[in-house]
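Enquirer: Residue numbers (numbering that gives the first Met the number 0), protein chains in the order written: chain A, 0 to 94; chain B, 0 to 403; chain C, 0 to 116.
If you're looking for bench data, these hints aren't it; they were derived computationally from the structure. Model, not experiment: these values are computed from the prediction. It is possible that part of the hints are untrue.
Covered stretches of chain B (in silico footprint by chain C; criterion: 3 or more residues with CB under 8 Å from a CB of chain C, positions within the stretch not fixed) [unchecked claim]: (1) 146-157; (2) 239-251; (3) 304-311.
To list a few chain A residues with every Cβ distance to chain C over 10 Å, as calculated [unchecked claim]: (4) Arg14; (5) Arg15; (6) Asp18; (7) Gly21; (8) Ala42; (9) Arg74; (10) Ile75; (11) Arg89; (12) Leu92.
Don't be surprised by glycine CBs; every beta carbon is placed ideally from N, CA and C.
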Amino acid sequence: MNDELEIHVEHLLGRRVRDADGRVAGRIEEFKLDVVKGETIVAEYHLGPDALWERLGGAALHLPFVRALPFRPRRIRIPWQRMDLSDPLRPRLSP
Amino acid sequence: MKRVLQIALGIVTSVGGFLEIGSIATAAQAGAAFGYRLAWSIVAGTVCIAFLLEMSGRFAACSGRTIPDALRERFGGPVYLTIVAVMCCVSILVLGAEIGGTAVALQLGTGIALRWWVAPMAVLAWFIVWRGTFGFIENGVSLLGLVTIVFVVAAVSGGPDYGALARGLVPRLPDHRPVHYWYVAVSVLGASISPYLYYFYSSGAIEDKWNVGYLGINRWVAGIGMGFGGFLSVAVMVLAAIVLAPAGREVQHYRDLSDLTTTVLGTPGFWLFVAALGIACLGATLEIALSLAYLLAQGLGWEWGEDMDPRRSARFSLTYTVIIAVAAVIVLAGADPLELTNISMALTAASLPVGVLPFLVLMNDSDYLGDHTNGPLGNAVVLVISVLAMVLGVISIPLQLAGS
Amino acid sequence: MHLAADVLDEQLVDVKHQKAGRIDGVIVSTRPGQPPRVIAIEVSPVTLVARVNWRLARWLGRLDARITGRRTPFRIAWDALRYRDRSFQFDGDVDATPINAVEHWLRTHVTGWPANE
Chain A
0 MNDELEIHVE
10 HLLGRRVRDA
20 DGRVAGRIEE
30 FKLDVVKGET
40 IVAEYHLGPD
50 ALWERLGGAA
60 LHLPFVRALP
70 FRPRRIRIPW
80 QRMDLSDPLR
90 PRLSP
Chain B
0 MKRVLQIALG
10 IVTSVGGFLE
20 IGSIATAAQA
30 GAAFGYRLAW
40 SIVAGTVCIA
50 FLLEMSGRFA
60 ACSGRTIPDA
70 LRERFGGPVY
80 LTIVAVMCCV
90 SILVLGAEIG
100 GTAVALQLGT
110 GIALRWWVAP
120 MAVLAWFIVW
130 RGTFGFIENG
140 VSLLGLVTIV
150 FVVAAVSGGP
160 DYGALARGLV
170 PRLPDHRPVH
180 YWYVAVSVLG
190 ASISPYLYYF
200 YSSGAIEDKW
210 NVGYLGINRW
220 VAGIGMGFGG
230 FLSVAVMVLA
240 AIVLAPAGRE
250 VQHYRDLSDL
260 TTTVLGTPGF
270 WLFVAALGIA
280 CLGATLEIAL
290 SLAYLLAQGL
300 GWEWGEDMDP
310 RRSARFSLTY
320 TVIIAVAAVI
330 VLAGADPLEL
340 TNISMALTAA
350 SLPVGVLPFL
360 VLMNDSDYLG
370 DHTNGPLGNA
380 VVLVISVLAM
390 VLGVISIPLQ
400 LAGS
Chain C
0 MHLAADVLDE
10 QLVDVKHQKA
20 GRIDGVIVST
30 RPGQPPRVIA
40 IEVSPVTLVA
50 RVNWRLARWL
60 GRLDARITGR
70 RTPFRIAWDA
80 LRYRDRSFQF
90 DGDVDATPIN
100 AVEHWLRTHV
110 TGWPANE
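So that you can see chain A by itself, here it is in the shape it has in the complex (with noise of 0.2 Å):
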């Protein structure tokens, strides 16, 4: 049987991801990719708002009153090895 899976990136964007306990753990923002052994696989997910903005290439700090928001920043980078995405609508941390 065929444990592979074809996953849309672009449809996790923007996705919740739920801790072990179902708590909200962040929204996936991005993927970042490795080079191992010739494959390009995808060695971590960014989660949480710091990651959207470093997406958008940290341009949007430098206007005038975004630094004035009121928000934390946050950012949490996850190795593959802890995102279960056999539910690609429902993305899982593994304990």
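With chain A fixed as given, assemble chains B and C onto it according to the hints.
Expert: The following block gives chains B and C in isolation, referenced to the frame of chain A:
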């Protein structure tokens, strides 16, 4: 010497291409209803568009990309499609107003009803975009647009109240008809700060193969060219303050606009007005159609280019063809060009942040601009004026529509 | 390299440097006990619209199938891509793929661009 000539040509074509039906109609309405009191809105709009055009030229010259390219790359497909949807909806209404403006010019000149001129003018515009080169559209039509200097000649000849004009440069609260005052102010801002202008400008910079060496030319052309262009808008407002306001007349029809120059300059003033309106609106029609086609083609990764054989860039050509046709149908369906102008300018202002804010983010991105990112002044000016325009638009448009 | 910032929505060109659309989707393959592997990109307006609205994408997919004859969006294997001159280049000719199917149809039936140019 070559640089001086390039700067001179750029300034001249900026001046010649500045006025279009939106800026003429809204400036005239401002002068007719409120005299010189809304001069500040023209200045604010001009300053903002000068900053935006300089930014868009700088972006293209430094990054080698157009704004739609970068919008798609940096913000992703869904955000890009949202921007396209809003820009298309608003800009097609503006395009309808411009095509209507060319038809009105011919109606005034020939006496034949404007509905008979809409289709021929749409076909003419399409033909020029199809067969013309970017240089012809950018420079040729804009040079013809220098006829709009007739408004300055007439305004000076009419004997304006320079003291009242100077006082009008300072923003202040209206002393009567506040809803209409802010609605007209918003419309003036929308007429000046049209996103299609900087999409067109950045694409033009790429068509003309600008690089970092053009940054100086870009600053002169955007700053001085737009400055002089804004001067033309002020002249229209002054004319309306001289000719219409004392008689208690408001701008209800395009005939009222032709009275601006006719009253001061006589019959030559009438014919110069007809020429100015027709050429200014035709130039804007070409720019808007191309601008929307650039927005789609660049963001979706198609082959594009006004200098490319249109048969080869078929999707790009089809896009501007459909856009011109849809805009013409809106006018043919009976939309009054003046009302269409008013509402499209106000909607442009209300939707400004959708186009401007992502662009401002790009202008602070050193991945694209290296050392040439925005300074705090440019960020602040554009952000404040755009958000102000949006807030005023969101408040005043429903009130104005309810009142009328 | 980051997928969303550096790959998704980037310009695609062919081996002759002709524009070939944009990277509308990226496919990864998950394998038990191993990291997800990037295997292909998709170039299709259906893939792009699906990121906004599924129903609209389904309708567009039916229209696309009528024009191009394809029932699934066009994919290019990840290994066939190179990052060059600020765009992704694939080893092939865009005119030999369905990417420009609509463009070719318009050139043939509407604008009259000679087929051999």
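Enquirer: Residue count check for the stretch 304-311 of chain B against chain C: does it reach three with CB-CB under 8 Å?
Expert: holds (count 4)
Enquirer: Would the non-interface assignment of Gly21/A survive a Cβ cutoff of 10 Å against chain C?
Expert: 22 Å, holds
Enquirer: Verify this label for me: Ile75/A is non-interface relative to chain C, using a Cβ-Cβ cutoff of 10 Å.
Expert: 15 Å, holds
Enquirer: Would the least Cβ to Cβ distance between Arg74/A and chain C come out above 10 Å?
Expert: About 13 Å separates Arg74/A from the closest Cβ of chain C, which puts it past 10 Å; holds.
Enquirer: In terms of Cβ atoms, is chain C entirely out of 10 Å range of Leu92/A?
Expert: Correct as stated: the minimum Cβ-Cβ distance to chain C is 15 Å, above 10 Å.
Enquirer: Are all beta-carbon distances from Arg89/A to chain C longer than 10 Å?
Expert: Check passes; 14 Å lies beyond 10 Å.
Enquirer: Any Cβ of chain C at or closer than 10 Å to Arg14/A, or is the non-interface label fine?
Expert: The assertion about Arg14/A holds, with a minimum of 12 Å to chain C.
Enquirer: Classify the label on Ala42/A as holds or violated, using whether its beta-carbon is more than 10 Å from each beta-carbon of chain C.
Expert: 7 Å, violated
Enquirer: Decide, holds or violated, for the assertion that all CB atoms of chain C are farther than 10 Å from the CB of Arg15/A.
Expert: The claim holds: Arg15/A sits with its nearest Cβ about 16 Å from chain C, beyond 10 Å.
Enquirer: Count the residues of the stretch 146-157 of chain B whose Cβ falls closer than 8 Å to any Cβ of chain C, and tell me whether that reaches three.
Expert: The restraint on the stretch 146-157 of chain B is violated, since only 0 of its residues have a Cβ under 8 Å from chain C and three are required.
Enquirer: In terms of Cβ atoms, is chain C entirely out of 10 Å range of Asp18/A?
Expert: 19 Å, holds
Enquirer: According to a criterion of three or more residues whose C-beta lies within less than 8 Å of a C-beta of chain C, is the stretch 239-251 of chain B covered?
Expert: Contact hint for the stretch 239-251 of chain B vs chain C: violated, 0 residues under 8 Å.
In the structure shown, a violation is registered for the earlier hints numbered 1, 2, 8, in ascending order.
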